[in-house]
Amino acid sequence: MARIKDMLPALALICVLIAAWWGAVAATHSVIFPTPWGVVTGTFELLENGTLWRHISASLLRVGAGFGLAVCVAVPLGLWMGWVAGAYRTLNPIFQILRPISPIAWIPIAILWFGVGDASPVYLIFISSVFPMVVQTTAGVHTIEKRYLRAAENFGVSRHTLFRQVVIPAVLPQVIVGMRIGLGVAWLVVVAAEMIALHSGLGYMIMDSRNAGNRYDLVIAGMIIIGLIGLSLDTAMRILEGTKWARWRYAH
Amino acid sequence: MRTKIEVRALKKSFASDKGPLAVVEDVSLTVQDGEFVALVGPSGCGKSTLMNIIAGFLQPDAGSVVIDGTPRTRPDSKGILISQQGSVFPWLTVRENLMFGLNGHALPQKRTLAERYADIVGLKGFEDSYPHELSGGMLKRTELARALVVRPDILYMDEPFSALDALMSLRLRSELLQILAKERHTTLLITHDVEEAIHLADRIVVLSPRPTRIQAIFPVPFGHPRKVAGREAQELRVRILSELGVDREEIG
Numbered sequence: 001m002a003r004i005k006d007m008l009p010a011l012a013l014i015c016v017l018i019a020a021w022w023g024a025v026a027a028t029h030s031v032i033f034p035t036p037w038g039v040v041t042g043t044f045e046l047l048e049n050g051t052l053w054r055h056i057s058a059s060l061l062r063v064g065a066g067f068g069l070a071v072c073v074a075v076p077l078g079l080w081m082g083w084v085a086g087a088y089r090t091l092n093p094i095f096q097i098l099r100p101i102s103p104i105a106w107i108p109i110a111i112l113w114f115g116v117g118d119a120s121p122v123y124l125i126f127i128s129s130v131f132p133m134v135v136q137t138t139a140g141v142h143t144i145e146k147r148y149l150r151a152a153e154n155f156g157v158s159r160h161t162l163f164r165q166v167v168i169p170a171v172l173p174q175v176i177v178g179m180r181i182g183l184g185v186a187w188l189v190v191v192a193a194e195m196i197a198l199h200s201g202l203g204y205m206i207m208d209s210r211n212a213g214n215r216y217d218l219v220i221a222g223m224i225i226i227g228l229i230g231l232s233l234d235t236a237m238r239i240l241e242g243t244k245w246a247r248w249r250y251a252h
Numbered sequence: 001m002r003t004k005i006e007v008r009a010l011k012k013s014f015a016s017d018k019g020p021l022a023v024v025e026d027v028s029l030t031v032q033d034g035e036f037v038a039l040v041g042p043s044g045c046g047k048s049t050l051m052n053i054i055a056g057f058l059q060p061d062a063g064s065v066v067i068d069g070t071p072r073t074r075p076d077s078k079g080i081l082i083s084q085q086g087s088v089f090p091w092l093t094v095r096e097n098l099m100f101g102l103n104g105h106a107l108p109q110k111r112t113l114a115e116r117y118a119d120i121v122g123l124k125g126f127e128d129s130y131p132h133e134l135s136g137g138m139l140k141r142t143e144l145a146r147a148l149v150v151r152p153d154i155l156y157m158d159e160p161f162s163a164l165d166a167l168m169s170l171r172l173r174s175e176l177l178q179i180l181a182k183e184r185h186t187t188l189l190i191t192h193d194v195e196e197a198i199h200l201a202d203r204i205v206v207l208s209p210r211p212t213r214i215q216a217i218f219p220v221p222f223g224h225p226r227k228v229a230g231r232e233a234q235e236l237r238v239r240i241l242s243e244l245g246v247d248r249e250e251i252g
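First to last, the protein sequences are chains A and B. Reminder that position 33 of the first sequence reads as 33 in this note's numbering, one-by-one numbering, no gaps. Reminder that position 148 of the second sequence reads as 148 in this note's numbering, one-by-one numbering, no gaps.
In case anyone wonders, no lab produced these hints; they're calculated from the structure. You may find that some hints are simply not true.
With a straight-line Cα cutoff of 20 angstroms, these simulated EDC-like cross-link-like pairs (lysine to aspartate or glutamate) come out [as the list claims (entries may be wrong)]:
no., chain 1, residue 1, chain 2, residue 2
1, A, K146, B, E175
2, B, K124, B, D76
3, A, K244, B, E133
Have a look at the derived ranges for each label pair, beta carbon to beta carbon [said to hold, decoys possible]:
no., chain 1, residue 1, chain 2, residue 2, range
4, B, K227, A, A85, 51 to 57 angstroms
5, A, C15, B, L167, 34 to 40 angstroms
6, B, T30, A, L98, 22 to 28 angstroms
7, B, A9, A, G156, 41 to 47 angstroms
8, A, L69, B, P209, 48 to 54 angstroms
9, B, D165, A, T235, 39 to 45 angstroms
10, B, A9, A, R99, 49 to 55 angstroms
By construction, the Cβ of each residue, glycine as well, lies at the ideal position given by its N, Cα and C atoms.
The task is simple: from the sequences and hints, build the whole structure.
This is the structure:
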């Protein structure tokens, strides 16, 4: 009950904004910009003819592939860069240069290398989510408190035990933070990529709705769905942050 | 009695803005097998540096540390360091922490040993708890048990109880004595608490301010259990304190 009570102000604000939107459309007699109710009926239209599910699953699959690939590369790479000072000194400057480049700037090269199929957006998602995860994982290794490494050294444990019982669990909370950032960026990028070079996905759906007869009701429906899915992805990552593998970090 | 630790003419200085800063100046000390030696000195005198050199975490600029007739170069599980801040792994349960240092044992044997030592230090029933669920005293007990379970020859204790409240510190001191009465480890204790040193040690070494040297050595000729409040113990306390530069009037 307390949680619902906490959410009340936000829900009230959303209601006010929807009312204002409705009032503005009614007052200006706009023929193109839809009313909230128009968006609801538009959404049902997309649900009924099945296009919505097709676009959602296309977008999610691309994010899943690109993000999954990025996790597989970023975590081992970040651990290595964090542990081996030489690797850090060699690779970090390059990453610091590549990291601020907007994923959108990679689109021409993605098309050149991977064409206009599914590989391009997967590559863009990979590129955009791999850097934050590498940075977080590396920082995670660097911030392991020395007293824990010293204790491991004192007990003379094997390298295997050192990594499995000290380094990995110590870094895991930071890795999960990196994954949360990476997934957020991936979801931003997939929509942008689909607007430019593809024929499926929520980004494509938005552009297609505009191009095929100014269906702004479907444009806004698409935007709201993107927002809600992004929120769910973030919530899922937050749940991961609350699991026992990460909880020790925040429990003090 | 056999000689356990032989500290020969240790010297150590650190680099600082104003040139090298001498921290340890020509310390020589012999500790017998099974002996409990307390090192007492003013704060910032270099006690911890001295301990870190003896335990093998730091290399001296000159001199050497010989343990059982062999020069020591790095830390190993024959001598476990317990520090003030503690190093119980927050991501492992009490049981997993206790099993951490048990290399070369089969799993059932590790579990049995971990349970036995959890019982010895009074952690029975908390084996599956995580450190953040424990009180400061329980955490110290976990740290102590994790050290004892590997059956070390030497315990290095760097102000182990000074982060605890006075009552808990007193209780853990008594418990440590009970454990040491059953399984005798050579123990080196660093403390700034003269009363704690008198309560626990067979011999008290008073260190000078930085750069630290051995200023005086006091045998503690009382059997266990000791009355720290007794007249003879109080006289010893006054003598040690005056060695540390605290006047008789100040003690009251």
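Which hints from the list above does the structure break, by number from lowest to highest? Hint check: 1, 2, 5, 6, 7, 8 fail, others pass.
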